[in-house]
Amino acid sequence: MMYQDVDLIIRFAANLPESWLLTEALEGRTDEAVFNPQHAAKVISTKRSVIDSGTATKMEILHAVEHERHWFMLNVEPDVNSAGDVIGVFTTIIDIDDLKYRETVLKTLLRELSHRSKNLLAIIQSVASQTARYSQGLDDFLLAFRNRVQSMAQSQDLITESDWRGAELFTLTKSQLQPLMGELPASFTMVGLDAYLLPNAALHLGLALHELTIDSLARGAMGPAGGTVRLSAQESKNDEGEPVLIVTWSEAFATGPDQSEIRPTAKNGFSGTVLGRIVPQALSAVVRHETGTDRMIYQLTIPDTQYEVSSRR
Numbered sequence: 008m009m010y011q012d013v014d015l016i017i018r019f020a021a022n023l024p025e026s027w028l029l030t031e032a033l034e035g036r037t038d039e040a041v042f043n044p045q046h047a048a049k050v051i052s053t054k055r056s057v058i059d060s061g062t063a064t065k066m067e068i069l070h071a072v073e074h075e076r077h078w079f080m081l082n083v084e085p086d087v088n089s090a091g092d093v094i095g096v097f098t099t100i101i102d103i104d105d106l107k108y109r110e111t112v113l114k115t116l117l118r119e120l121s122h123r124s125k126n127l128l129a130i131i132q133s134v135a136s137q138t139a140r141y142s143q144g145l146d147d148f149l150l151a152f153r154n155r156v157q158s159m160a161q162s163q164d165l166i167t168e169s170d171w172r173g174a175e176l177f178t179l180t181k182s183q184l185q186p187l188m189g190e191l192p193a194s195f196t197m198v199g200l201d202a203y204l205l206p207n208a209a210l211h212l213g214l215a216l217h218e219l220t221i222d223s224l225a226r227g228a229m230g231p232a233g234g235t236v237r238l239s240a241q242e243s244k245n246d247e248g249e250p251v252l253i254v255t256w257s258e259a260f261a262t263g264p265d266q267s268e269i270r271p272t273a274k275n276g277f278s279g280t281v282l283g284r285i286v287p288q289a290l291s292a293v294v295r296h297e298t299g300t301d302r303m304i305y306q307l308t309i310p311d312t313q314y315e316v317s318s319r320r
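For the sequence shown, my numbering gives the first residue as 8, with consecutive numbering after it.
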């Protein structure tokens, strides 16, 4: 702390921050001996204001010595005599480095939250417009849109629980299938690399898994066609030798060729838009989507900018 008279001559100083490297006695000197010229002018102006008004105030300064930067809070209070006259000022100096660090982290997180929220709202807007485009009426739109928003909410829950780092592929898959099916049936299996998807990949792949599940329940192996569904993931190399994650949803149908009309034969509508355009574009992925009389394959080749594996985490 410091005590100064009305002329701002230092009469007492004790326990000043060690980082200030003050080697000379301060008694009888002014704030120019403590602060650099820029800060000294600001500090002197603040203290004169306290002397003139008799009102305490606070100010923050960034003090730098030999490339070390530290934040301090100065609490400046008037010293008032029995007649009510201001005869000096007390200045208490508090290190607020931790507080400023937390403020910086909070501002960074808020900016990131704002960015992600805008992205999420843009996705929801796109889902709403595309769902409306392919809906047969209001009831059809509300049901489909509600389910798709819920799908995104489930993916977002996993991302939030991980402190915005992402989600594991198999956990994401379960979060998408279980609300529609309950416990996963024995006919559904997951094999291969349980890669860790980064937030963007988790959100969009979750939407793709939702659409694949809905289609399968309506027309495919988990519905009238019967059969098995297998989700597999493996890491490979692309033509440039860069790591890629190959995620494959494959359905093997149980019904014979005479019932092929119940199997998925087209990739149009909103589901086709999600699987064939929205998700691949969002992930910069290569898509393969094939439907035959006895099976359906949907495959994404995802660049390593969208995922991590344990060996690289």
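You may find that some hints are simply not true.
[As the list claims (entries may be wrong)] Pairs of lysine-lysine, DSS-like flavour, derived with a Cα cap of 27 Å:
1. Lys107 to Lys49
2. Lys65 to Lys125
3. Lys65 to Lys49
4. Lys125 to Lys49
5. Lys114 to Lys65
[What the hints assert, rightly or not] Now the in silico label distances, taken between C-beta atoms and shown as ranges:
6. Asp164 to Tyr10: 52 to 62 Å
7. Trp27 to Thr64: 17 to 27 Å
8. Lys125 to Glu34: 33 to 43 Å
9. Asp170 to His74: 24 to 34 Å
10. Glu247 to Arg172: 20 to 30 Å
11. Asp311 to Met197: 41 to 51 Å
12. Thr167 to Ser133: 18 to 28 Å
13. Thr167 to Gly91: 19 to 29 Å
14. Val294 to Glu75: 31 to 41 Å
15. Arg140 to Arg76: 17 to 27 Å
16. Ala160 to Asn43: 12 to 22 Å
17. Ser133 to Leu23: 16 to 26 Å
Bear in mind the hints are in silico, worked out from the structure with no lab data behind them. All of these numbers come straight from a predicted model, not from anything done at the bench. Beta carbons are placed, not taken as given, at the ideal position from N, Cα and C, and that holds for glycine.
Here is how each hint holds up against the structure:
1. Lys107 to Lys49: Cα-Cα ~20 Å, so holds.
2. Lys65 to Lys125: Roughly 37 Å between the alpha carbons, so the hint for Lys65 and Lys125 is violated.
3. Lys65 to Lys49: holds, 12 Å
4. Lys125 to Lys49: Between Lys125 and Lys49 the Cα gap is close to 40 Å, so the pair fails against 27 Å, i.e. violated.
5. Lys114 to Lys65: holds, 22 Å
6. Asp164 to Tyr10: 52 to 62 Å: Distance hint for Asp164, Tyr10 holds at roughly 56 Å.
7. Trp27 to Thr64: 17 to 27 Å: holds, 21 Å
8. Lys125 to Glu34: 33 to 43 Å: Distance hint for Lys125, Glu34 is violated at roughly 57 Å.
9. Asp170 to His74: 24 to 34 Å: holds, 32 Å
10. Glu247 to Arg172: 20 to 30 Å: holds, 27 Å
11. Asp311 to Met197: 41 to 51 Å: 21 Å Cβ-Cβ, so the 41 to 51 Å window is violated.
12. Thr167 to Ser133: 18 to 28 Å: holds, 21 Å
13. Thr167 to Gly91: 19 to 29 Å: For Thr167 and Gly91 the Cβ distance comes to about 57 Å; the hint is violated.
14. Val294 to Glu75: 31 to 41 Å: violated, 53 Å
15. Arg140 to Arg76: 17 to 27 Å: Check failed, 55 Å falls outside 17 to 27 Å.
16. Ala160 to Asn43: 12 to 22 Å: With a Cβ separation near 52 Å, Ala160 and Asn43 fall outside 12 to 22 Å, so the hint is violated.
17. Ser133 to Leu23: 16 to 26 Å: violated, 58 Å
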